[in-house]
Amino acid sequence: MKITVDRVKCEGHGLCEEAAPSLMHLDDEGDLVIDVETVTEQGDVDAALAAARVCPVAALRVA
Amino acid sequence: MGPGPRRIVVVGYGIAGLTAADSLRAGGFDGDLTVVGEERHHPYSRPALSKSALVESGDMTAHELPAPTHDAFERLGVAATGLDAQRRVVALADGGELPYDGLVIASGSRAARLADRLPVADDVDELVLRTVDDALLLRDRVQGQPSVVVVGGGPLGMEVASGCLAAGCDVTVVAQGRPLTRLLGPFLAELFVAAGLRRGLRVTTAAAVRVRSQGGLSVVELADGSTVSGDLLISAVGDVPNTGWLVSSGLLAGDDLVVDSRGRVRPDVVAAGDVCAFPTPQGVRRIPLWTSAIEQSKVAALGLLRGDEAAELDYQPYFWTEQFGLNFKSVGVMPVAGPPELIEGDPGDAAALMRWRFADGAASAAALNYRIPVPRLRRLATAQAVG
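Line order of the protein sequences matches chains A and B. Read in my numbering, the first sequence has 25 at position 25, and its numbers run on one by one without any break. Counting the second sequence from 1 gives a position; my numbering is that position plus 1000.
Please note: incorrect hints may appear among the correct ones.
[To be verified] Covered stretches of chain A, as calculated for chain B (at least 3 residues, CB under 8 angstroms):
(1) 4-14
(2) 18-31
(3) 44-53
[Said to hold, decoys possible] If you anchor each label on the Cβ, the simulated ranges turn out as follows:
(4) Val-45(A) x Arg-1117(B): 24 to 30 angstroms
(5) Val-1247(B) x Thr-40(A): 18 to 24 angstroms
(6) Gly-43(A) x Asp-1256(B): 37 to 43 angstroms
[Claimed, not checked] Output of the computed footprint for chain A on chain B, the stretches with three or more beta carbons under 8 angstroms from beta carbons of chain A:
(7) 1037-1048
(8) 1065-1075
(9) 1228-1237
(10) 1282-1295
(11) 1354-1363
Derived from the structure by calculation, the hints contain no laboratory data. Here the structure is a predicted model, which means the values were calculated and not measured. Even for Gly, the Cβ is constructed at its ideal location relative to N, Cα and C.
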């Protein structure tokens, strides 16, 4: 599955980073960087979905 | 794990119930999990409802949260109506019963209504914004650019006012005292009020005492004898915890559902989110905010599975709002008194990074139209005084 971020929606709240620190992080400008774009292992998929769920602006998609 | 619960019921399916279900699984619970949601919708982003969702077109699917992975049995569109904490059974509106040996109460809160506090004529159509259905209705009603009266000067009222203004409506906010002051303190509040006024917002600071309907308009009578009228009346006067189904459960303290630092009401019942009050350094209180619900739910899920061995809640206040062209994030305790220490920019130019230090060594930090990773904002809020 592929993780994508809607850059227009993303406001850098950083809750996703807390949920999936091994997959994504906010850079120094507050922009989200997806470190692992394609997830296959179940643990990573779960973490990616958990990250997407806590986003208060629903800016992350995992599909 | 030891002889923990094998059958857990989660009542409520907002971000608190969803996070609790996820956290139970992440914490190793592999027994039967049932989630009961009063709304027919799957969980969605509530903060977006009073922000982007109000002025966007299209359906609300953009604000739906991704499909859950907790593998729970979902009961959507059915409310919990009662709890027998001795027999360990949740009663449902459809007459069904759900037995449990572990219960998560995440039934949230609902919009408070003016009609609960002051005389409101029966023919007044009081709109509120709490659910996705509320948002769809409201968005539909502002299409014709009606004049709008928003009663309530908290963050929700001001966000709704901002959205209605952006939709082309003529908007008056009726607030007791200057909007946002109780939440943010006078310095920050004034930045938002000024931004609103520049965009044509009207603000009336007097208490509403009565609402009537006249010639198709809603007329709000104020304590100073004046009135404010609009085609549309929207109230944003706080929220009321959904504890009605718990009244005879024996779990309420007075009217309140209070949890300990691990989210427990009792060993086999935890609660999280807008429904409950929890211990904070400022006292036991409800903090009905998105990140609060998430943090509480993670703690409560483990509190249910592990009891005293679970970690305690260490709530880190985080608040954000978007209104009148201002994007604001704060970390640390609010309200703050007085002007901030300016780290970058100047709030007069509508972009600033600010900090307030308190006598006890703590600090609060806020970013206004200033893009910053929240972890960095948190570091600013915990930084000790330097040189």
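The hints, checked one at a time:
1. 4-14: Since three or more residues must qualify, the claim that chain B covers the stretch 4-14 of chain A holds, with 5 doing so at under 8 angstroms.
2. 18-31: It holds, with 6 qualifying residues against the three required.
3. 44-53: Held - the stretch 44-53 of chain A has 6 residues with a Cβ nearer than 8 angstroms to chain B, which meets the minimum of three.
4. Val-45(A) x Arg-1117(B): 24 to 30 angstroms: With Cβ atoms ~48 angstroms apart, the hint is violated.
5. Val-1247(B) x Thr-40(A): 18 to 24 angstroms: 49 angstroms, violated
6. Gly-43(A) x Asp-1256(B): 37 to 43 angstroms: This hint holds: roughly 39 angstroms between Cβ atoms.
7. 1037-1048: Coverage by chain A holds for the stretch 1037-1048 of chain B (5 residues, Cβ < 8 angstroms).
8. 1065-1075: holds (count 5)
9. 1228-1237: That given contact is violated, which follows from only 0 residues of the stretch 1228-1237 of chain B lying within Cβ reach (below 8 angstroms) of chain A.
10. 1282-1295: With 3 residues close enough to chain A, the hint holds.
11. 1354-1363: violated (count 0)
Checked against the numbered hints above, the structure violates hints 4, 5, 9 and 11; every other hint is satisfied.
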